[in-house]
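Per our numbering, the sequence shown starts with residue 65, numbered consecutively.
Please keep in mind that the hints were generated in silico from the structure rather than gathered at the bench. Hints are all accurate, no fakes.
Derived EDC-like pairs: lysine to aspartate or glutamate, alpha-carbon spacing no greater than 20 Å straight-line:
#1 K172 <-> D134
#2 K92 <-> D111
#3 K151 <-> D178
#4 K92 <-> D178
#5 K151 <-> D111
#6 K148 <-> D111
#7 K94 <-> D111
Quick caveat, the model's predicted, so the values are computed rather than measured.
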Amino acid sequence: MNILKKIVLVAVLVSTANFAFAAGKISKSKIVAVAFQSGGFFLYGNDWGNPNNCTRSNAIVLLASDSNYDKAYALLLAAYASGKSVKGYSNGCADFDGQTYNTIRGYKYLFVSD
Numbered sequence: 065m066n067i068l069k070k071i072v073l074v075a076v077l078v079s080t081a082n083f084a085f086a087a088g089k090i091s092k093s094k095i096v097a098v099a100f101q102s103g104g105f106f107l108y109g110n111d112w113g114n115p116n117n118c119t120r121s122n123a124i125v126l127l128a129s130d131s132n133y134d135k136a137y138a139l140l141l142a143a144y145a146s147g148k149s150v151k152g153y154s155n156g157c158a159d160f161d162g163q164t165y166n167t168i169r170g171y172k173y174l175f176v177s178d
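All chains should be modelled from the sequences, with the hints used to inform the complete structure.
Listed below in structure tokens is the structure:
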């Protein structure tokens, strides 16, 4: 295979690899329930959307491994307690008990409002 074909092949593979790691906006939704597991803090709502096509779309999870977990956890718990809505950004799906859930970032684009 000549060098030009190799370069084109690598360019195609790199450009399509991003689709496998899709991420996107978590739509604004009021938190209707919360749950805590060892791997993260789960937020249940009706309108989160499903930017990563995870198997569950009625809940999102703030992963315990998030670099800003403690602050984001406090913010999200306060949002739930006060009946506020949350929106944010998801980096992908996380697997819990055989189901996948959209993650929510605790360090960027996390927003609480009425």
